[in-house]
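Chains as they are written, first to last, in full-length UniProt numbering: chain A, 1 to 423; chain B, 1 to 423.
These are calculated hints, taken from the structure and not from any lab test.
Do not take every clue at face value.
Since the list gives no way to pick one copy over another, a pair counts as held whenever it fits inside one copy or between any two copies.
[What the hints assert, rightly or not] When the alpha-carbon atoms are kept at most 20 Å apart in a straight line, the in silico SDA-like pairs for lysine to any residue are as follows: (1) Lys109 <-> Glu13; (2) Lys205 <-> Thr222; (3) Lys20 <-> Pro306; (4) Lys158 <-> Asp338; (5) Lys412 <-> Glu60; (6) Lys412 <-> Arg23; (7) Lys205 <-> Glu215; (8) Lys412 <-> His399; (9) Lys158 <-> Ala278.
Predicted model only: the values in this text are computed from it and were never measured.
There are 2 protein chains.
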Amino acid sequence: MESTAILTEELVELAKRARKAARTLSTASREAKDRALVAIAEALRAQAAEGSPLRAANAEDVEAARAAGLAPALVDRLILDEPRILGIAAAVTQIASFEDPVGEVLGMKQRPNGLSVGQVRIPLGVIAMIYEARPNVTVDSAALCLKSGNAVLLRGGKEAARSNAALGELVRAAVTSAGLPADAVQIVPPSDREGIRLLVGLAGKIDLVIPRGGEGLIRFVTEHARVPVIQHYKGVCHLYVDEGADLNMALRLVENGKLSRPGVCNALECLLVHESVALAFLPRVGKLAAQGLEIRGDQATRAVIPSAKPASTEDYGQEFLAPILAIRIVGSLDEALDHIAQYGSNHTEAICTRSYERAQRFSRAVDASCVLVNASTRFNDGGELGLGAEIGISTTKLHAYGPMGLESLTAKKWIVFGEGQVR
Amino acid sequence: MESTAILTEELVELAKRARKAARTLSTASREAKDRALVAIAEALRAQAAEGSPLRAANAEDVEAARAAGLAPALVDRLILDEPRILGIAAAVTQIASFEDPVGEVLGMKQRPNGLSVGQVRIPLGVIAMIYEARPNVTVDSAALCLKSGNAVLLRGGKEAARSNAALGELVRAAVTSAGLPADAVQIVPPSDREGIRLLVGLAGKIDLVIPRGGEGLIRFVTEHARVPVIQHYKGVCHLYVDEGADLNMALRLVENGKLSRPGVCNALECLLVHESVALAFLPRVGKLAAQGLEIRGDQATRAVIPSAKPASTEDYGQEFLAPILAIRIVGSLDEALDHIAQYGSNHTEAICTRSYERAQRFSRAVDASCVLVNASTRFNDGGELGLGAEIGISTTKLHAYGPMGLESLTAKKWIVFGEGQVR
């Protein structure tokens, strides 16, 4: 109990310092913020080569992870080598080149009583990022929060503790060199889940929590949060191939959606095919087995693709994160819409069609953060949609829905200019 | 325990029916939604006269409230007489005349790969309103949610149970007559706080909870919610009278801010006066005692207004909801900004100034949902800011900050039109 009490005080202290820094940051000029970002990128480049304090800290993390028997894929995500560090530096440089979202004035209009009324973009305040292994998230998040005038508390995974501490030092020194408060960016020491519970319980002290990681982490944060949370749950993405669709295009969308990067959240998980094109289309999908695709289909699908495994009910609505595709044959667009409403995850949904009317109906009726007509589900990504950078993909509708860029890290306050008006 | 279990099932059932209705509503035409609103207004007018089922139900509520010894001001808020019912009908008719926010397409642009990418406004889904005595909130909320394509669960106070049930029946019949699902609007039977806890715990089943009422209710909802909440906390509004300000204007802003309607959230609670104008200005404020104003000031204030009571530390940061004004003399704009950062409630803050530079600094540095230059705090109101109608005033920054109109009841989903593009 005692150590918990100390931890709470520590977290409250971090949050208080963040709040103070946030107040300064909220009116910082774009020039000062960009100077900090450029300094971060320079410091990263200066520490990219082997033997730097950053590389040494990271080597310790990697060694400890290997010694603890962490899966090779997870160890790989921890590694900061020269190309990766230069890549992170390039991303920070790019963020410096973006427009400052803060201060943008929207919809300024004159009211009948002569008041000028509009809204102006402001930072949210103090943001807590809670994430797992990848240390690049530390710098990306710090850069996006700085640019949007927010103070950030970074709570990364235990495995990357030394790397994150070194990155934190580097970033804080760069921020200070630009004349901004170091506490704009603070590293929260990793702890057990209890520490996360305390952090997300700081009602009024933190303005937003963004968890990034597995579904377990996100559910834990949501369950215990007393501050607003933007969730990024799984992506169970569907493609509906409509009656009369261009089947060459449909095959390209399946191949790209499922096989270009099966482990990401905008990968295709389930193919819905109108019965009128099933016979012509599905054998072509079946041939993707040569590229390693495993198909799990309903009875009608297996009649056309004999090699397909039977789909269990769990296969619908599942995020495989692997080259596995669930397939179902449907009798109508409505049946496809019902399937998506039941099994979709509000992430990304696509239709392949030649029909104007059905394209319109699909894009209106589907509730997902991104709805695509005749395009790959893989396009639901901040960079591809033109946001430049993203800090997460929200699958809940409050505040942000879909990829979150700099603008999603701001709010709008009302501003009124008068000449003494009263009501 | 048994009755709680039954209640949970009942609430889940209500939420499920709301979800189903929300799916239909999300693609309903503006014409159908407006038809429902017009039918609601007509039904209200038809039941405005004494003896109608609505008036009879309301009379029972009022009688029970009087018998229970409810304060006269609270009893008054319960009453639905003919002018009030006609007023509610007029508000609904006005909401019908507003543009439909759903379907608006924003920022559609072409990407280098030829994809057309934009965002489209969609309803949030299922909204739960939790509120206290006033039965007009039942109809206002139903109308705003209908217009924005959301299904709503209305959980009003016990005192208004019969009135709300009657209004619910009237609204549901009108909705049905317009060809929309009755479950778009459902009345949640009032219960104890445990019932509220269960309602706001329905994660995934409700998209947004909006509590309207006393601070106790809002804190209770925030503490127990597992779904997003938009809070409307108290309004502790300040006016800073700057060095060199137009003192006639300043007096008008004080009088209007404090005395026009002391019981509302955008009323003025604290006056900050620059020391250089204190001697000329404060005696004029002191004369407002003739209009019933009670002043509580710091020592410097009391030196200028001898009749002022001494301000305790609790008087700063307090929402008096009465003709009481806290006053403090400050040495600079910075001191005023510090005071507001410490004691303000992020609701409404105003400056009276002739200085361009200080007007700019104040409006940038103050963190409040509405910042006013040379205008009364009373203007922080959906109608006055041009939103038409409001469903609440958010004092937290996520999703909405300040008065929430129809647009605040929507989200934006990404929409992508392609010709077979892949990554």
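These are the hints, each one checked on the structure:
1. Taking CA atoms no more than 20 Å apart as the test, Lys109 paired with Glu13 passes in neither setting, with 42 Å inside one copy and 45 Å between copies.
2. Taking identical chains as interchangeable, the C-alpha atoms of Lys205 and Thr222 lie at most 20 Å apart whether they share a chain (17 Å) or sit on different chains (14 Å).
3. In this assembly of identical chains, Lys20 and Pro306 lie within 20 Å of each other by CA distance neither inside one copy nor across copies; the values are 65 Å within and 37 Å between.
4. Taking the shortest Cα distances, Lys158 and Asp338 never come within 20 Å of each other, neither inside one copy (42 Å) nor across copies (38 Å).
5. In this homomeric assembly, Lys412 and Glu60 never come within 20 Å of each other (Cα to Cα): the closest approach is 44 Å inside a single copy and 44 Å across copies.
6. For the homomeric pair Lys412 and Arg23, the shortest alpha-carbon distance inside one copy (16 Å) is at most 20 Å, but the shortest distance between copies (29 Å) is not.
7. Proximity of Lys205 and Glu215 under a CA criterion of 20 Å is satisfied inter-copy only: 18 Å between copies versus 25 Å inside one chain copy.
8. Proximity of Lys412 and His399 under a CA criterion of 20 Å is satisfied in both settings, with 11 Å inside one chain copy and 9 Å between copies.
9. Taking the shortest alpha-carbon separations for Lys158 and Ala278, neither the intra-copy value of 48 Å nor the inter-copy value of 57 Å comes in at or below 20 Å.
Comparing the model with each numbered hint stated earlier shows that hints 1, 3, 4, 5 and 9 do not hold.
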